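Numbering (this note's numbering), first residue to last: 63 to 200.
You may find that some hints are simply not true.
Said to hold, decoys possible - With beta-carbon atoms standing in for the labels, derived distance ranges: (1) R133 - G105: 16 to 22 Å; (2) C150 - F98: 25 to 31 Å; (3) L188 - V145: 52 to 58 Å; (4) Q71 - G121: 33 to 39 Å; (5) W111 - K64: 34 to 40 Å; (6) S192 - K67: 34 to 40 Å; (7) Y122 - R194: 50 to 56 Å.
Keep in mind the hints are simulated off the structure, nothing from the lab.
Quantities reported herein were computed from a predicted structural model and do not represent experimental measurements.
Virtual Cβ for every residue (Gly too), placed ideally from N, Cα, C.
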Amino acid sequence: MKKMKLFLQILKTSGVDTLLWGFVAYLIVFACIISFFEPNIDGIYDSLWYCFATVTTIGYGDFVAITGIGRVLTVFLGIYGIVVITICTGVVLNYFAEVQKLKYNESVTNFIYQLEHLDQLSKEELKELSKRVKKRKI
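I would like the entire structure built from these sequences, with the hints used as guidance.
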């Protein structure tokens, strides 16, 4: 639960949650416009599939923009998709770095607590603590 809260906090702090919702709206609007202008894309579902293939740079080729407006919209959609995916990748990497930092801080806190309460530790705990100190593995 801590990790999910941290992830949501990073999304909100960085503003990526707003970016993602904006991107979804952008994708739907573009799908509607493309389905209207492109004669070989029949309906909103095919248009959403085309937008998905464009954004993810998969580009299956089952649908192709043939009108000028469709091509221009596809270029903007592709660039915007690359930017959004890049930003999201950075946020996810930041999340994992924060999780690792959190684990390290908890380990250090636990180690310091054990040092402060040496007289209360059992012999096994003291041996384990001694091994960790010798290995410098906190």
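inquiry  = I'd like to know which numbered hints this structure contradicts. Please list them from smallest to largest.
reply    = Violated: none.
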